[in-house]
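Here's the letter readout for the chains.
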Amino acid sequence: MKIVMALSGAFFVLYVLAHMYGNLKMFAGQEAFDSYAFHLRELGEPILPYEGALWLIRVALVGALFAHAGSAFYLWKRANEARRTRYAVKRAAAASLSSKTMRWGGVTLLLFLAFHLMQFTFHTFEVGGSFLGPYDRVYGAFQVWWVVAIYLAALGALGMHLKHGVWSAAQTLGLTSTPRAARHAKATAVATGVVVAGGFALPPLSILLGLI
Amino acid sequence: MRITLKIWRQASATAAGEFATYDLDEVSPDMSFLEMLDVLNEGLTAAGLDPVAFDSDCREGICGSCGLMIDGLAHGPERTTTCQLHMRSMKDGATITVEPWRGDSMTVIKDCVVDRSALDRIVQAGGYVSVNTGAAPDAHAVPVPKAKADRAFTAAACISCGACVAACPNASAMLFLGAKVTHLGELPQGQPERDARVVAMARQHDAEGFGGCTNIGECAAACPKEIPLDVISQLNKDLRHAMAKGL
Amino acid sequence: MNEIIDGLYREGEPIADTKAPDGPIEKRWERRRFEAKLVNPANRRKLEIIVVGTGLAGSSASATLGEAGYQVKAFYYQDSARRAHSIAAQGGINAAKNYKEDGDSVFRLFYDTVKGGDYRSRESNVYRLAEVSASIIDQCVAQGVPFAREYGGYLDTRSFGGVQVSRTFYARGQTGQQLLIGAYQALSRQVAAGTVTEYSRHEMLELIVVDGKARGIVARDMVTGEIETHLADAVVLATGGYGNVFFLSTNAMGCNVTAAWRAHRKGAHFANPCFTQIHPTCIPVSGDHQSKLTLMSESLRNDGRIWVPQRAEDCPKDPREIGEADRDYYLERIYPSFGNLVPRDIASRAAKNVCDSGRGVGPGGKGVYLDFADAIERLGRGAVEAKYGNLFDMYARITGENPYETPMRIYPAVHYTMGGLWVDYDLQSSIPGLFVAGEANFSDHGANRLGASALMQGLADGYFVLPNTIRDYLASGPYPAVDEDHPEVVAAIESVTTRLTTLLSRRGTRSVDSYHRELGHIMWEYCGMSRTEEGLRTAIDAIRELRTEYWENVNVPGTGESLNQSLERAGRVADFLELGELMCIDALHRRESCGGHFRAESQTPEGEALRDDENYAYVAAWEWGGEAGLPVLHKEGLEYDYVEMKQRSYK
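Protein chains in written order, with our numbering: chain A, 7 to 218; chain B, 301 to 547; chain C, 890 to 1540.
So here's chain A without its partners, still in its complex pose (with noise of 0.2 angstroms):
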């Protein structure tokens, strides 16, 4: 169950790389990033069908949210069973934040996920206008500070739940038996919760602040 998490896990990691990668096209300016969303909709054209590699990413990443979150609640349901009766007092030795948060964190994604996506892929509502491109839709959204402060939320919760996630997968795929591998997993875990975090970070601030 475990290793599904990890597994599941790390497949996130690699897709928000890749998606930060894209989103900091932003910079390249509005048809470099305009040209990018479309070019995600053809590749592997003409082996797959218009939007064929889209959808098979879509689909492998419903999955695996599925898998991440089914394996989440079911530890979480079993970590309860496996303590019923809390303590009147309990205090963290050793705790991170990042890993006392791990839980609602996720949680937190979770619905961040969901606003997300009725904004940007299904255009459930629009803020700041609307908008026929990508570049503009993003860039009228930015403009917002309200929806700006929501994704930065969203960004530090995702770079902890990265920080402790990375570290966690690596933990459990047993890729840190030795005190060098474990001190290599940790940086790995805060570098990558910074840059993703970091990396998404820059193209809404830059919007707001007038930057692009």
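Quick partial rundown of chain C residues pointing at chain B, CB under 10 angstroms, derived from the structure:
#, residue
1, THR953
2, GLN979
3, ALA984
4, SER1024
5, CYS1029
6, GLY1033
7, TYR1040
8, ALA1060
9, ALA1141
10, GLY1143
11, GLN1179
12, SER1180
13, THR1398
Derived list of chain C stretches under chain B, where covered just means 3 residues or more per stretch with a C-beta under 8 angstroms from a C-beta of chain B:
#, segment
14, 1068-1082
15, 1345-1358
16, 1434-1447
With a Cα cut of at most 35 angstroms, we get these calculated DSBU-like pairs of lysine-lysine:
#, chain 1, residue 1, chain 2, residue 2
17, C, LYS1255, B, LYS391
18, A, LYS96, B, LYS306
19, A, LYS106, B, LYS448
20, B, LYS446, C, LYS989
21, B, LYS391, A, LYS96
22, C, LYS1276, C, LYS1255
23, B, LYS306, B, LYS391
24, B, LYS391, A, LYS106
25, B, LYS391, C, LYS1276
26, B, LYS446, C, LYS1276
Derived by calculation from the structure, the hints in this document are not laboratory data. Please read these numbers as outputs of a predicted model, since none were measured by experiment. The beta carbon of each residue, even a glycine, is placed where N, CA and C say it ideally should be.
Please build the complex by placing chains B and C on the supplied structure of chain A, with the hints as guidance.
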């Protein structure tokens, strides 16, 4: 020193428990925590009350009998066993909350005495080398690289006190399990059964109802023998290898 | 037989060990193994053996008997078999492997042990112990015991007090723990295989003897309070020593003599009860609250130097401010060839002597310095830390002082009891079917045990000796089945219940612990490191008085129907109160000094122990004389054919 103790009282496994509060006026900083409880118990006995039950035996930090949750920390604020914790680590005038280990796989028998037999059953599931008495070759027949012997020793230092489970937010016994798997897995003598051992022991761990590890690290921080977290990674690695072989 | 001696005891018929084969000493064990009858593997399944205690001897015996196919029931008072007090042994385990090629051999280990025991042990037994010692190391390594190793991957050894060869195998300062875990794992394997059934949190409270044979035990389930009967074809006691009669000792809080004492009252002879070992390197007492004493491995004496100030007026000073010339490295001065590595009894007595002369340091003047300044200078702090780090940490934690900067303070404490239930070469007591292994028996250490020999003896008994000798008894059966209605069984249960009810009904004014402390004080004062005729008589009277008061005035709260730690202790202290008297009688009757037993009346002009081989070269096996009667002494003469009896000298 003066201290106030808020300590868990529970008449039996089935009875409901509650905290009782006692004041102790003449506590010496040189007392161990358990000697302070001895003093409390002498007082309770003299007053015709039932003394507080708690496990302790060697009182030198090696048998693993003692174990109390002291102010929310397994074995208290020092990284040692409860019996080796001394009152000089406590503040004069403090109120100290004392609870038994909690976990559905380690239920209370009375007051602060808990049932840790689940840990024994994990070892029984495979935490040994199957060699009958008399069947051993000469001790020097197989050299063991010092580094491996040292790591095996570090893991084998586990005293089975249960602090790792008590401290774990998930009530998982993976540090305990990982320590045994690492101890035997590092040595040439442990190789023939390595795969079967890890699978059987992990299965027993789960069957006992311990939680799953989420790599938080509270266990290693609470461990009085300083068993490192990497034994859990070793356990996961061994488990993955064994499963890849279809076990 | 009818004559009362010293007003304290009678003398009975001499006894002898009839099981030890004669012939060349190196062939005796082989011969015994061959002559001991075998039990057909199919029949073993039908035979039940009760093993009480799961320390090194008990766990290893249970595991090995289980492997052989017997039905074993293992009893222990702790919550897990792995917690038995063998786990606390620090230093190491001796074995005549001669891996260092430094002149060691089976014969030398045998010789050292007989000499170290001050010629009060049996040659045949000790030779066997030395002989199987090598197999123990093999067995433990095969089980995965992580002994210390050198860079080449081979086992490391060190030398230990009282010997000049390097034959002690170790696992940092936790050798007992690692060996016990090895035995515990072997035991766990048999539990999984179904040959051993464990009874945790069970305390043996009575031995069941039917038709003169041990046939079972009465045990109390310490959680439910239920009194249970367990019947078997043979009973093995591996219940450890009785050092807790002194209240303060290095033993665990729960260590007790009850199982052995109950067996003694049912007819098992108790041998040499006064032979107790006082360990020289313990952390001194800090106050009245003290519940136990902590030993620090004797290996510290390999590099630490022991001293006290030359002048009493320097004692309160900071030790670092006392110059070389004002220090008395008394062990190096008195024993130049062994120096700080003299055997335990000698080192302990020397510490007592300097403290009695007013030169002791620390609270109450009860301590001497163990100084590592020279070692740190010579080897570097890192090397000292690597070797003794855990001991230094332990010392710092307990005392709040930093031993890297100031010398440690140490003082002797009761550590081990060489005496125990009398057994023959087969480890069978004077009750047929009752076997005794490990520290609980008296057999191998004579009047003083050498360092790192307790682990050796426990495992030798459990892995190699007992499983080979018990079969001779079992093969002589089958013994008629006993059922739970047998009058002897009913009587045993009744006596246990009555005793517990009595203890619970007194509701007097003093707690169990207060009596235990008082008994301990009497024992330490009069039956400790130095004993006198007068002191022992005082002690006997005091113990008798205390015992009478105990049964009238003890306060045991709670009931017998649940976990009741006061009740558990009450039963143990009641037995200590009887044992203590016998120890003093034994010490009084033995008007010589030998090993750990030092009679002030019997010393050389230099103050060393003076043996009296002409009159006391025997094992004193005491028979229970009944509630109102007097103990009966049976002498087992000791003969030395291979080692010449000499005055021990470590000068």
